[in-house]
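Asks: Build out the structure end to end from the sequences listed, making use of the hints.
Residue numbers (UniProt numbering), protein chains in the order written: chain A, 1 to 350; chain B, 1 to 350; chain C, 1 to 350; chain D, 1 to 350.
Treat each hint with caution, since some may be false.
Same chains, same names: a pair is fine if it fits in one copy or spans any two.
Subject to a maximum C-alpha distance of 20 Å in a straight line, what follows is the list of computed DMTMM-like cross-link-like pairs (lysine to aspartate or glutamate) [unchecked claim]:
#1 LYS169 x ASP124
#2 LYS337 x GLU43
#3 LYS337 x ASP136
#4 LYS169 x ASP7
#5 LYS169 x ASP270
Source of the hints: derived by calculation from the structure; they are not laboratory data.
Only a predicted model underlies this, so the values are computations on that prediction, with no experimental measurement involved.
Number of protein chains: 4
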Amino acid sequence: MTATPPDIVRSAYLELVVSDLAASREFYVDVLGLVVTEEDGREIHLRALEEFIHHNLVLREGPVPAVAAFGFRVRSPRELDAAEAHYRALGCGVRREPAGFRTGVGEVVRVLDPLGFPYEFFYDVAHAPRLTWRSDLYGAGAIVRLDHFNQVCPDVVAGAAYLEELGFKRTEDIRGDDGVTYAAWFARKDTVHDTALTGGSGPRMHHIAFATHEKHNILYICDKLGALRRSDAIERGPGRHGVSNAFYLYLRDPDGHRIEIYTQDYYTGDPDNPVVTWDVHDNQRRDWWGHAVVPSWYTDASTVLDLDGAPVPLREREQASEMDVTIGADGFSYTRKDDTARGFKVGEQL
Amino acid sequence: MTATPPDIVRSAYLELVVSDLAASREFYVDVLGLVVTEEDGREIHLRALEEFIHHNLVLREGPVPAVAAFGFRVRSPRELDAAEAHYRALGCGVRREPAGFRTGVGEVVRVLDPLGFPYEFFYDVAHAPRLTWRSDLYGAGAIVRLDHFNQVCPDVVAGAAYLEELGFKRTEDIRGDDGVTYAAWFARKDTVHDTALTGGSGPRMHHIAFATHEKHNILYICDKLGALRRSDAIERGPGRHGVSNAFYLYLRDPDGHRIEIYTQDYYTGDPDNPVVTWDVHDNQRRDWWGHAVVPSWYTDASTVLDLDGAPVPLREREQASEMDVTIGADGFSYTRKDDTARGFKVGEQL
Amino acid sequence: MTATPPDIVRSAYLELVVSDLAASREFYVDVLGLVVTEEDGREIHLRALEEFIHHNLVLREGPVPAVAAFGFRVRSPRELDAAEAHYRALGCGVRREPAGFRTGVGEVVRVLDPLGFPYEFFYDVAHAPRLTWRSDLYGAGAIVRLDHFNQVCPDVVAGAAYLEELGFKRTEDIRGDDGVTYAAWFARKDTVHDTALTGGSGPRMHHIAFATHEKHNILYICDKLGALRRSDAIERGPGRHGVSNAFYLYLRDPDGHRIEIYTQDYYTGDPDNPVVTWDVHDNQRRDWWGHAVVPSWYTDASTVLDLDGAPVPLREREQASEMDVTIGADGFSYTRKDDTARGFKVGEQL
Amino acid sequence: MTATPPDIVRSAYLELVVSDLAASREFYVDVLGLVVTEEDGREIHLRALEEFIHHNLVLREGPVPAVAAFGFRVRSPRELDAAEAHYRALGCGVRREPAGFRTGVGEVVRVLDPLGFPYEFFYDVAHAPRLTWRSDLYGAGAIVRLDHFNQVCPDVVAGAAYLEELGFKRTEDIRGDDGVTYAAWFARKDTVHDTALTGGSGPRMHHIAFATHEKHNILYICDKLGALRRSDAIERGPGRHGVSNAFYLYLRDPDGHRIEIYTQDYYTGDPDNPVVTWDVHDNQRRDWWGHAVVPSWYTDASTVLDLDGAPVPLREREQASEMDVTIGADGFSYTRKDDTARGFKVGEQL
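Replies: Right, here's the structure in full:
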């Protein structure tokens with residue numbers, strides 16, 4: 001690599017194609033409480049309560065549910081040049097779009113990256129009121145911040161090399177004794193991640209995660225979904241992650257796009273922040289309380305679109321699958337290494 | 001029934017036979033933080049932090065893990081006469097034991113009740129320091145109070161009639177369109193229950209429940225079990241109950257006895273407190289977030305002992321089983337009545 | 001006393017006369033989130049989210065802000081006869097009013113009690129939906145239950161004797177070495193109190209208290225008041241009480257009526273529940289963290305009305321005042337008995 | 001300024017001189033739960049539970065309670081050269097000390113900065129176990145991270161210019177219509193601050209702040225201090241800051257050094273993070289709930305030492321004092337601008 005990579009500040013927004021804009025608005029605004037910065041009949045721009053840039057999530061109505069863009073903010077306008085040069089050197093498709101191409105956003109550099117994901121980089125962006133002090137607008141499940149993306153790709157080792165070259169710092173990963181890397185987490189800001197790679201057929205988006213202040217906010221979101229008789233939108237959790245030690249909940253939106261609600265990982269801003277490696281057979285790696293990961297969480301993910309809006313074709317994962325090696329007849333997980341006690345968990349019993 | 005039933009104040013203590021006293025002490029004292037009031041090599045008397053009577057739980061080492069007594073406090077010494085008369089009129093085995101028969105407890109009336117459970121009634125009891133103001137002794141998962149028992153019996157309707165005659169007030173139940181009652185909850189104090197009946201082969205003890213102040217206390221208990229690499233002691237939850245609306249967690253102790261940690265049900269002290277009836281097919285009745293109930297939660301329970309310490313033989317349940325009618329090939333559960341969407345839950349996928 | 005006192009279940013509602021119904025509605029409904037059961041241009045009937053009886057608070061517009069009734073629920077209709085007889089035997093003014101005298105309430109027995117307070121007793125009452133499961137209606141500061149009243153009267157000893165004869169159980173009190181009782185707490189339901197007596201010129205109402213589930217709910221109410229630029233409605237707290245060990249907040253409504261928001265006291269339902277006596281000079285008795293009690297909290301209270309709606313004249317307290325003996329030039333409070341260190345508290349410095 | 005300033009990662013440790021090492025150990029370890037990395041009879045090295053570097057706080061016994069060093073971590077070893085050059089260009093005293101000068105730390109650049117504070121910069125440092133997953137070691141008031149310092153200096157404008165030149169980003173400040181700046185906050189990591197300047201006689205240390213995960217952790221610390229009869233160590237709070245919107249508590253250690261416990265400010269990592277300016281007369285700026293700031297909080301602060309360990313002489317503040325312009329006869333604060341209502345707060349009444 002010859003070009004200096006762009007100085008990325010953080011994961012900033014996701015553009016989501018949804019099949020029914022009204023249904024998605026109801027989910028993200030009425031149920032989850034994201035704030036509408038701007039909307040028309042075609043697109044809705046949403047932000048979390050403590051965000052000050054124009055949006056963290058764009059919902060755009062379209063024929064095929066998919067992810068159209070993973071938006072990363074860079075540190076200055078000249079980093080757009082760095083982004084363009086970096087991806088051209090990588091031989092990727094790159095399009096530089098003028099201000100206004102994205103509502104509320106200045107010039108953007110759009111790329112289809114080596115893994116097949118539609119990344120885009122921007123610096124200039126309209127500011128919106130940061131509602132940090134507007135507790136009167138906070139519901140009991142208040143979402144305050146976009147935290148990270150999670151991407152599915154077939155080869156986590158190759159993907160990690162690409163992200164690390166792009167300036168991301170690895171914070172945690174899951175590996176096996178067989179030398180296989182099953183997943184890895186990468187940060188730019190001071191949290192455990194701005195994005196992560198999950199091994200599987202890809203490129204696909206695994207989920208987008210938003211943060212709350214406290215754990216009870218996440219529990220309330222579950223209670224509210226129960227009250228609305230929409231508990232079947234809860235795919236997994238709430239629970240405590242092993243990786244990141246965050247408290248989590250996974251929901252599925254009306255199109256099946258996966259949303260994580262997340263709180264309380266740890267500070268990772270030091271240059272020598274210790275990388276945590278988990279054994280793929282450690283049953284507490286994905287849920288610290290040892291609960292089974294639901295199969296759909298491993299198998300389902302969102303289509304991503306190329307720069308022309310066409311679905312990016314999938315490549316299969318060739319290495320071992322985390323689900324296969326940990327669940328079912330050929331898999332195994334332990335609570336205590338070298339201890340074969342099975343316990344009472346639903347995953348052991350169903 | 002001719003005799004006036006005894007005026008019961010609340011569920012007060014459980015005597016548990018455990019196979020390894022040291023292992024049980026480690027679980028209840030070191031992990032869960034119950035307070036030792038008194039102990040010797042044979043028995044340990046434990047109480048919750050805000051309790052002022054001598055104990056809420058007796059651990060006694062014995063050959064067969066079992067429940068030897070469900071202790072209920074009555075309002076005055078003369079209620080012991082009422083208890084004796086009531087159970088004699090019912091034709092039950094009754095033994096009146098002098099003060100000191102139970103460590104820390106005055107005279108007790110022991111009965112093997114019509115359902116086969118070893119109930120015992122007491123008024124006089126030694127007081128122990130109520131540690132309400134001793135926050136310095138509180139861990140992050142502090143258990144403050146015994147909340148209730150839960151008993152398995154074959155015929156919930158008959159069992160309910162017996163408990164209601166004994167002065168318990170029904171607060172909630174689970175029924176089917178088929179006319180079957182699957183479970184019911186009964187209170188003396190101002191909470192949703194002092195005991196409950198769960199349909200199944202019985203008599204057996206389903207669980208004993210302790211209360212914390214807040215939900216994060218329960219989450220911490222899970223985190224701690226994870227840290228101790230004992231997450232396999234978590235059988236079900238944490239979650240939000242439909243019935244009672246309490247926040248819950250089910251653990252299994254070293255002998256497999258089931259312990260619930262529970263918080264925040266609602267006030268039920270009014271005489272016309274509305275009874276809440278749940279449809280057995282409502283998937284939110286047992287978990288408001290719609291998560292599957294693990295089979296062992298339905299099938300496993302603790303042996304109970306008669307007044308001579310012998311296991312009480314089981315009678316099979318003849319009516320439909322809640323597990324069978326809600327899970328698996330012949331069962332079904334709905335999130336929204338008349339809506340067959342299945343959602344992403346582990347119970348749907350495994 | 002010859003007549004058996006009525007069997008009181010709990011404190012159930014308060015009728016509050018307010019000077020501007022719209023302003024009070026805005027405070028209790030829009031800010032605090034109480035639920036409107038029924039309203040017209042003259043009266044608003046409000047309840048907490050988990051209440052199932054028609055109301056816990058009646059706001060009635062009138063010329064002089066005052067308390068018109070302290071409502072207690074009794075265990076059965078025949079307890080109204082007991083109430084009538086009890087108060088007639090005490091020589092009090094008693095009026096028995098037919099169903100409908102109070103909106104949503106059946107027959108009531110209204111008395112002006114020996115301390116000069118307008119108590120009223122009822123059994124029949126319209127039920128309203130208990131919103132326990134309607135988390136979608138819960139704000140972040142959700143108020144779930146009426147907890148207690150607090151009354152100011154000149155002679156706490158005499159007042160306590162009256163309440164204990166009426167069947168209330170003393171749970172805590174504040175006394176001095178001088179033999180003076182400064183305040184006392186009294187329960188019917190299983191909490192620390194249904195009402196309390198605070199020494200001072202009376203009869204007046206000190207406050208009415210509502211419960212939340214958790215402490216963060218109370219903190220949110222403060223945050224919201226800040227966001228609304230109404231933080232000057234916060235009179236005292238949030239903090240931890242010594243007495244009751246509950247977490248608390250005192251607000252003043254638009255007429256200056258005092259509202260407490262309260263959570264997590266302890267179970268008191270046993271007949272021999274230990275009474276806790278606090279030394280009036282213990283600086284942690286009213287605030288476990290040792291913060292000064294604001295003078296208005298001692299001096300201000302609401303007028304109460306007699307059965308004809310006229311303000312009840314005040315009698316002065318003759319015994320020592322808690323404020324005088326604990327604050328200022330002639331008072332003292334200690335953190336550790338016999339230790340004169342003063343610490344950094346605002347009360348020590350301003 | 002010609003030299004490029006050092007690239008500072010974050011505030012990392014404080015060296016505190018204490019008069020009684022055992023008393024300070026009891027406070028920081030037994031009461032607050034900081035973790036001992038290493039100790040001898042002269043010094044104790046402590047860290048927060050989620051820290052991975054050797055220490056966040058050094059307690060060293062000495063004759064005069066004081067702060068001997070504010071430690072900042074830089075991004076790489078070569079940034080030590082930048083630090084040295086930067087401060088030499090500023091004409092400051094600079095000492096470069098070899099590895100081992102500080103226990104657990106590599107080479108350090110020590111300076112007495114233009115404001116008179118003993119700053120020191122380091123990169124190499126011993127790692128210690130990050131206890132993020134060791135919930136079994138977490139008390140109910142678990143402190144997880146050092147968050148920031150706060151320094152008192154006479155001229156906030158000059159001090160801010162120095163810090164901004166050093167690469168700190170201003171996030172918030174307090175100003176008056178008179179053009180005076182009373183305080184300002186400065187960040188390197190993604191939180192509201194790594195350090196702040198409070199106007200007053202200086203140089204002195206106002207406080208050091210540690211973070212918890214949730215608000216209830218802070219409330220518990222108060223409860224525990226009450227239980228230990230040490231509530232007089234609580235100087236101010238708990239409360240919600242206006243500035244930073246964090247939840248806070250101020251304690252005083254056995255020598256009077258001020259410790260803040262702090263949680264939940266907001267993300268500030270973007271280059272154009274909006275600066276929030278507060279009016280000095282806004283009564284919610286320092287406490288969002290409008291509670292009075294105790295005078296000692298304005299007047300008391302810790303001595304700082306020069307590079308030889310001698311107390312740095314104080315310079316008086318010449319501009320208006322925040323305490324004077326907001327409290328007392330000549331000061332004023334408003335809840336709503338142009339509204340003179342005074343409310344019920346203790347600061348208004350005492």
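Asks: Decide, hint by hint, whether the structure agrees.
Replies: Against the structure, the hints come out as follows:
1. LYS169 x ASP124: Classified as between: cross-chain Cα gap 19 Å, same-chain 24 Å, threshold 20 Å.
2. LYS337 x GLU43: Cα proximity of LYS337 and GLU43: none, with 50 Å in one copy and 33 Å across.
3. LYS337 x ASP136: Only across copies: LYS337 and ASP136 sit 19 Å apart there, 49 Å inside one copy, limit 20 Å.
4. LYS169 x ASP7: For LYS169 and ASP7, both the intra-copy (12 Å) and inter-copy (18 Å) Cα distances are at most 20 Å.
5. LYS169 x ASP270: both (10 Å within a copy, 18 Å between copies)
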